[in-house]
Amino acid sequence: MNAVAPMLNLAPLLDVQDVCKSFRKPDGDELVVLEKVNLKLRPGEIVGLLGRSGSGKSTLLRQIAGLDTPSSGVVNYLGHAVLAPASGIAMVFQSFALFPWLTVLENVQLGLEAQGVAEDEMRKRSLQAIDLIGLDGFESAYPRELSGGMRQRVGFARALVVHPNIILMDEPFSALDVLTAETLRGDFLNLWGEGQLPIKAVLLVTHNIEEAVQMCDRLLIFSSNPGRVISEIGIELPQPRHTQDPRVRALIDRVYVEMTARPRGEVRTGPKERFPGTGIGTVLTHVSSNVLTGLIEAVSAPPYNGKADLPVIAEEQHLEVDELFPAAEALQLLRLAEVEGGDIRLTDAGREFARGETDERKKLFARHLITYVPLAAHIRRVLDERASHSAPKSRFFDELEDYMAEDAAEQTLRTIVSWGRYAEAFAYDDHAQAFSLENPA
Amino acid sequence: MRFERLPIAVLRTRYVPGGWDLLAFALVFVFFIYCAQAAHGLTGSLARLQATPISLDPTALFGYSARTALRMVLAMLASLLFTFTYATLCAKSHRAEVILVPLLDFLQSVPILGFSFTILFFLQLTPGRVAGAELAAIFLIFTSQAWNMAFSFYHSLRSIPDEMVEAARNFQLSPWMRFWRLEVPFAMPALIWNMMVSMSGGWFFLVFSEAITVGHTTVSLPGVGSYIALAIEQKSLAAIGWAIAAMFVVILAFDQLLFRPLMASADWFRLEQEAGFTPSHSWALTMMRRSSLLRFLSSGFAYLLHAGVKPVAVWGAAGPRPPAVWRSRRLDYAWYTVLILIGIGAVWKIAWFVLSEVQLAEIGRVLLYGLITLVRVSVLIALASLVWVPIGVWVGLRPRVASVVQPIAQFLAAFPANLFFPIVVSAIVILKLTPDIWLSPLMILGTQWYILFNVIVGASAIAPDLRYAGENLGVRGWLWWRRVALPAVFPFYVTGAITASGGSWNASINAEVAAWGTETVRAHGLGAYIADSTAAGDFQRNVLGIMVLSLLVVTLNRLFWRPLYARAERKFRIS
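Chains R and W, in that order, give the protein sequences.
Throughout the first sequence, residue numbering follows numbering that gives the first Met the number 0, covering 0 to 440 in sequence.
Throughout the second sequence, residue numbering follows numbering that gives the first Met the number 0, covering 0 to 574 in sequence.
Only chain W is shown next, with the shape it has when bound in the complex (with noise of 0.2 angstroms):
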C-alpha cells in the first residue's frame, strides 16, 4: 500500500478534467485576478486617492465591487480569527468569563458609528498611505460582523455533549486537536448561519464603513459604499440603479459561492437530522467535489493542515493540571477586585470626559431621545410582527415557495437603509410629511426580514403529525393560528425578533437622518444625536450618546427579550 500517504483525492479517481472543472478553473482564476487588482490600491498614498474622486460611471463599479467584496473577505477573516480567540477565552477560562461576555453584549450593542473615531488612529498608524484607511474600513465592516459570530461560537462551545467531550479527553486530545476536531465542527452549522447575517450586516453599513466622515478627516475610499454615498449626494437617480445591480450581483456571488457550499457541508456537521429539515444543495458544492481539480487543490490544503496538527499535537498532549493555587477561590476574590476597580476607574473617567463638555440638563435630553428611539423600535417591531408572521406562517408551510423566498429575504436583510433615501426624502419633502414618523421605517427595512427568516424556519419545522391532527380535529381559522401556528412558530419568531430589534437600534442611526442631495430630513432621536456628533466630530456627545443606546439595548434584551426567550422555551417544548 504504498499509495496510501497520497492525498485521498489522487487515489480515488482518475484525473481527467470535466466540464466542471473548466468552471472550477475559470473561476479560481479570475478570482486570483480580482485579488490582485483589488490588493493594488492598497499600498498607494493617501493624496493620490483623494486626488482620484469617486466615479459614478457604472464601468467603475467593477473595480469598486472588487474592493468591496475584498474587504468585506477580510474583515470576516478578522471576524473569525475574533471568534475563535475571544469565544474559545470565555468557555475555557471562568475569570476570563465573568468580564468578556458581557463586555461582548455591550460591544454588540454599540452602533458601528460608535467605532469611526478609530479611523484617526489607522489614520496615524500609517501616515500619507492608503493602507491606514483601508484597515480603517475593514475594522468598521468587522464591528458590524464580529459579535454575534462570537457569541454563538462561546454558545456552541458551551453545549458540546458531554460525552464528546469526556471522549476527546479520554482519547487524550490536545487542546490543538481538540480545538479543530471536536469544537469547531460542532459549532460549525450556527456560525455559517451567524456569518450569514453578519455579511448582511456589513452591508447595511456599507457607506459608513467606506465613506468615512469624522469631524474634519474624510475619507473616500474606492468601493460600492462610496459611490452609493456620492450618487446621494448628487442625485444620481441612474448611479443608485447601478450600484444596486452591483451589490446584488456581488451579494448573489457571496451567496452562490461561499454561503451555499458552506451550509451544504455543515450538514455534515450535524449531529442528527432535525425535524422538518431539508439538507441544502449548492451547485458550487457539486462543482467543488465533482472537480477534480478544485478537490486536488482543497485535499493538498486538508493534507498540508493534517500535517500542521501533528507536532502540536504531540507537545500539546495532556499536561499536568495547574497547581492548586492557581484554582484557589483567594485568586478567583482577587480578581474580581481588581474587575471591580478597574470598572470603578473607568466610570470615574468616562464621567469626568463627558461632563467637562456636555451639560446634566442634556444628558436628560439624550434620555428622551432614547425613548423616542424606544417606542420607534417597539412600534415598528409590532407592525412588522403583524405583516410577516402570518406570512412567514403561509411560507413555511409550503417548501417549494420557502426556498424561493428565503433567498429573496436575505437579499432584501443586506440592503444598505441610504439606498431608499431618495424616495424616502423625495416623498417627505414633497408631500410635507412629518419625518418623525416618515422616517421610522427605514430602521427595520433590512432588519424584519431576520423575523420572516426564523418563522419560515419554525413553521416548517411543525411537525407533520400536528398539523394533521389539527386537520382531522376540523382546527380552522383563527383557532387554527391561536391554538396551532402561533405557538409552534414563537420560540423562532422571539429569536428573530430579538435580531430584528437588536439591528434596527444600530438602524436608527442610519435612519433619523436622511439626505438626498442638498435636502436633509431629520427625526428627533437618538439616532440622530449619535449621527450628528460624528459627523460633528463631538467626541463627547458622540460617546454619551453611544454609552446611552448601549445601555437601552442591554436593559431591554435583560428585562424583556431575554425572559421572553425563556418562558417561549419552557412553554413549548415538547419533552
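Only chain R is shown next, with the shape it has when bound in the complex (with noise of 0.2 angstroms):
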C-alpha cells in the first residue's frame, strides 16, 4: 500500500466504512457483491475506483450518493450517515442522463430549481455553469442538437450548478469516441488544477486504467465476484500526464500487474489451477471466439511471438479493460495461455491452436472446452446419457442458479453456447430455448 497523503491533516469528506451489499436469491443464500469496502475521501483528492464489470464498483457509488443502501456499514458524509441522495454530492452519468425535452440551460437548471432557489440567481449560476464547461452559445438547443461530447458537458454542467462539495463520475467518458473523451478530459483537469471548479473532491469509477492514471491522485483497485479492495496506489505524478512519458508507463503496468495478480488467501488446489473456482458455478464472461482467436493470434505474431505485456497488447488490439481481462481469462481457463504479472504468455496449446486452420483451431478448442470447463463437460454428458440427445436450457439455468445470480446465469449459458457452438461441441435452440446434440446439416 502506497497512500499519499497530501490534505492528511483534512477531515475526509466522506467516510465509508466496512460497506457491504449482498442479495438474498431465491434459495436464501446471500450473493455477496461488494464485500468490507472502506474509503476516505478528502479535500482537494480525486480518487479513481477502478476495477471490471461486476467488481460492484458502481453500486457502491450509487450507495455513495444515496441511491442505493448498503447491507452492512456506512457511508458517512461530513460526519452524517448518507440514507437518501444528500445535497452535496452530485452526480455525472455514463449515458448524460439528460433530459431530452429540456434545452441545455433548463437541463442545468433543474437541480437549482430543485432547491427552490430564486430565479436570478438561478439563471445568473447555470449561465456561469455554462460559460465555465466551454457550452456557450449553447443555451437554448436541446440534447438531441448536440454530438456526445456536448451532451457530456452538459452532465459536467448540470452537476457543477449545485455547486456540490463531491462528484461522482460514473465511467463519464466511456460512451465517447477516444479523441472527444481526451479533450473533455483534459478541459476538466485544467479547470480542476485552475481552481475553477466550485467542488472539493472527485470519485471517478473508471475501467480505463490509463484514464485512471491520468486523472486520479488515488486508485483503488477492484477484484470482482465478490467486488472488494484489492489494493490502493497513490500518484504523484504533476499533472498533465502524458501517456508517452515513462513514469505514466511505469504506472500503468503496475496497474495492469496489480489487477491481474491474484487475490490473496486464494487456495491453490494444483500446479496449474490459475482460475478461481472451476466448478460448474463459475461465472463466465461473455467473450466472443472472434476476440478470443484474435488475441491467440496477436500474441504469437511477431514481435510478440507468444507473451506480451498486456498494457502494449491492449493498446494495440484497441481493447478495452472490459473486454482485454475477460478475453486473457477465458483463454486462461482454456489453457490456451496464462496470465500473470501484468503479462500474458501462451501454452503450447495456444501456440498450436494459433499455426492451426480452421478445423484443427475447432477440434483443439472443443477437446480443451469440455476438459477445463466443467460446465461445458457437464452439458455434454447430460446430452450423451439422454436417449433424446436434448435438454431444455432451464435445466442447467435452475443449477447455475445455485451458484449465482440470475443474471449472471443468464450470461455464463450465453457464454457457453457461443463457445459450444464455435466447437462444435452441441447445439442450441433458442427457439426452443433447448440443447441438443444434433447440428443442423
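Worth double-checking, as some hints may not be accurate.
As the list claims (entries may be wrong) - In silico DSBU-like cross-links for lysine-lysine, where the CA-CA straight-line distance does not exceed 35 angstroms:
hint	chain 1	residue 1	chain 2	residue 2
1	W	K91	W	K431
2	W	K431	W	K234
3	R	K362	R	K306
4	W	K570	R	K392
5	R	K362	W	K570
6	W	K570	R	K361
7	R	K35	W	K91
8	R	K123	R	K199
9	R	K392	R	K306
10	R	K123	R	K39
11	R	K392	R	K361
12	W	K91	W	K348
Said to hold, decoys possible - Which stretches of chain R does chain W cover? Using the computed rule of at least three CB atoms under 8 angstroms from a CB of chain W, they are:
hint	region
13	59-70
14	82-89
15	109-122
Claimed, not checked - Here are a few chain W residues that face chain R, going by a calculated C-beta distance under 8 angstroms:
hint	residue
16	R157
17	A166
18	R168
19	N169
20	F170
21	Q171
22	L172
23	S173
24	K570
For the record, the hints were derived by calculation from the structure and aren't laboratory data.
Backbone N, C-alpha and C define an ideal beta-carbon position, used for all residues, glycine too.
Relying on the hints, combine the two individually framed chains into one complex.
Okay, here's the thing in C-alpha cells:
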C-alpha cells in the first residue's frame, strides 16, 4: 500500500466504513456483491475506483450518492450517514441522463429549481456553469442537437451548478469516442487544476486504466465476485500526465500487474489451477470466439512470439480493460494462455491453436472446452446420456442459480452456448430454448 | 438583465400580428363561443330536455356536434386525470400494483354497456337536472377511453431509463417535479397515440353513450349519437348521411387541431430518432409556434404552471424514508390476506346475486354464446389479417401513400358500426341472409384498422439495408414475403391484432343486434345476450354476460396473445 496523503490533515469529506452489499437469492443464500469496502475522500483529491464490470464499483458509487443503501457498514458524508441523496453530492452519468425535452439551460437549472433557488440567482449560476464548461451559445439547444461530447458537458454543468462538495462520476467518458473523451478530460483537469470548479473532491469510477492514471491522485483497485478493494495506489505525478511519459507508462504497467494478480488468500488446488473457482458454478464472462482467436493470433505473432505485455497488447488491439481481461481469463481457463504479472503467455496448446487451420482450431478448442470448463463437460455429459440427446436450457439454468445471481447465470449460459457453437461441441436452439447434440447439416 | 423574468415569447420576438395570428384569433374565439353555448345546456332541467326531442334537421347538427365534441373533451380530461393518478399509483406502490393492474385488465375488457347502469346513479345525483344525464354520458365515454391510456402510462413509467431516474433523485427533484419534468414527458409519445385510439373508441360507442336506455329509463342527450339513433329509428337515409358528414368534420377538427399538433410536439419527447421515423408535421402546431398571440397565451400558461411548481418543490423535497415497519414483509402478507378475503367476499356476493335470478343451465348457454362469439372474432381477425397485412406492407414501403392512408384509416376506426346498420340490415332482410354470418362483419368494422395501422408502421420501419440485401440476393415473390416482409412486421402485427381482437369483443354488443327502423336483425352470441339484457333492464343477466365476456377476453389475452407477443419480441429482435 502506498497511499499518498497530501491532505491528511484535513477531515475527510466522505468516509466509507466496512460497506457490504449482498442480495438474498431465492433459495435463501446470500450473494455478496461488495465486501467490506473502506474509503476516505479528502478535500482536493480525485480518487479513482478501478475494476472490471461486476466488481461492484458502480454499486458503491450509488451507495455514496444515496441512491442505494448498504447491507451493512456506513457511508458518512461530513459526519452524517448517507441514507438518501444528499445536497452536496452530485453525479455525472455514463449515459449523460439528460432530459431530452428540456433545453441545455433548463437541464442545467434542474437541480437549482429542485432546491427552490430564486429565479435570478438560478439563471445567473446556470449561465456561469454553462460558460465555465464551454457550452456558451448552446443554452437554447436541445440535447438531441448536440454531439456526445457536448451532451456530457451539459452533464458536467448540471452537476457543477449546484456547487456540490463532491462530484461522483460513473464512467463519464466511456460513451464517447477516444478523441472527444481526451479533450473533455483535459478540459476538466485544467479547470480543476486552476481551482475554477466549485467542488472539493471527485470520485471517479472507470475501467479505463490510462484514464485512471491520468486523472487520479489515488486509485482503489477492485476485484470482482465479490467486489472488494485489492490494492491502493497513490499517484504523485504532476499534471498534465502524458501517456508517453515513462513514469506514466510505469504506473500503467503497475496497475495491470495489480489487476492480474491473484486475489490474496486464494487456495491453489493444483499446480495448473490458476483460475478461481473451477466448478460448474464459475461465472463465465461473455467473450466472442472472434476476440479469443484474435488475441491468440496477436500474441503469437511477432514481435511478441507468444508472450506479451497486457497494456501493450491492449493498446495495439484497441481492447478496453473490460474486454481484455475477460478475454485473457477465458484463454487462461481454456489453458490456451497464462496470465500473470501483467503479462499474457501462450501455452503449448495456445501456440498449436495459432498455427492451426479453422478445423484444427475448432477441434482443439472443443477438446479444451470439454476438458477444462466443467459446465461444458456437464452439458455434454447430460446430452450424451439422454436418449433424445437434448435438454432444456432451464435444467442448467436452475443448477447455475444455486451458485450465482440470475443475470450472471444468464450470461454464463450465453457464453457457453457461444463457445459450444464455435467448438461444434453441442447445438442450441433459442426458439425451443434447448441444448442438443445435433448440428444442422 | 431586467427582462429575465418575462416569458421567453415576449423577450425574443417583436409583437407584430401576422397571418397566423388572424387564424389563431378566429379559432380561439370560435372555440370559446362553442364551449359557452354547449355548456349552457348543462344546467337545464331534465323535463325540458325530454320535451324538446332530437331533431333530424341538418342545421341542428351544428349544435349537436359542439355538444358531442365538448363531452368528448371532458371525458378525455377525466381519462387523463384517471391515468395520471391510477397508473402512477400502480407504478409507485407494489402493494397497489398487485391488485390495481389486474383490475385494469378486467375493466378494459368490460364493454361500455356494462357501465350503462351507472346512469341511474348519476340521475339520482342531480334529480330533475340534465347535468346528471350529461355526467352519465361523459362517464360512459370515459369508460371507452380511459383504460388503455392508463395502461400505456403505467408501462411508460416502468420503462424510464434507470440513469434518468437516478439523475432525478440525485438532484433531489420532489415527487411533484419529477412527475412533470420526467415521468409525464417520457410517457407522452405513447400516451398521445393511446389518446387517439381512445378517441376513436369513444366515437364508436357514441350512440350508446348519448342515447341511453336502461330498462324503462331512456335519456337522449342532444348530440350526434342521439341524432344517429333517431335517424336509424326513423329510417332516414338523408339524416344518416348528414350525421356522417358532421362526424367527419368533427373528427377532422380533432385530428388537425388536437392530435396532429400533439403528435408533432411529442417528437420532442422522444429520446432518440428511431429508424424509419419521419417527424410529423402539423399546420396547427406551426400556427401555434408562429403566432405570437397563441405563443403569448401558452407561455403565460407555462409560466403559471412553472410558478405553481415551486412551493410544492420545496416542501416535497426528498423526505426521509418511510419507517421499516411500513416496508416489512409481514405487512405485505397482511395486505395480501385482506385482498384475498375481499376477493372471496366479492365472488360470494356475485354468485348469490346472479344465481338468485339465473338458472345454472342458462350459465352454460351463456358460455356457449361466448364460444360462438369467440369463433366469430377469431375468423374475422384471420380474414382481416389476410386482407390488411399485404396491403399494409405495400403501403408501409411507400411513405407517400402511407401519409395519405393513415389518416383515412384513423377516421374509419372511429366510425360507429351503427352507421352501417341501414345497409347491412336491409341487405339481410331483402336477400334473406343468415344474420349469424352476415352481421359479423360489423364487429370488425372499427377494429380491423388497428391491424392496418400497425403493419404500416412495421413495414415503414424495415431497415433499408434489409430491403437492399433482399433485392441484392434476388429474393422475390413468396420467398420475399416469407423471409423479409412477414417476419419484419410480425411484432407490429401482433400488437395491432391484440387491439383489434379486444375491440371486436366489445363491438360484438354493437354488432350482434342491428336495427333499422322497426326491422331488427339478431345473431346468436354473447354480444346480443348482453345488449338484450341491458335493453330489458335485467341486471342479473347483464352482469352474467359481462362477466363471461371479461373472463373470455382476459383468458384469451393471457393464454394466446401475450405468449405470442413475447415470442415475437424474442424472435424478431435483432440485438
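Could you work out which earlier hints the structure fails to respect and list their numbers in ascending sequence? Of the numbered hints given earlier, those the structure breaks are 1, 9 and 16, listed in rising order.
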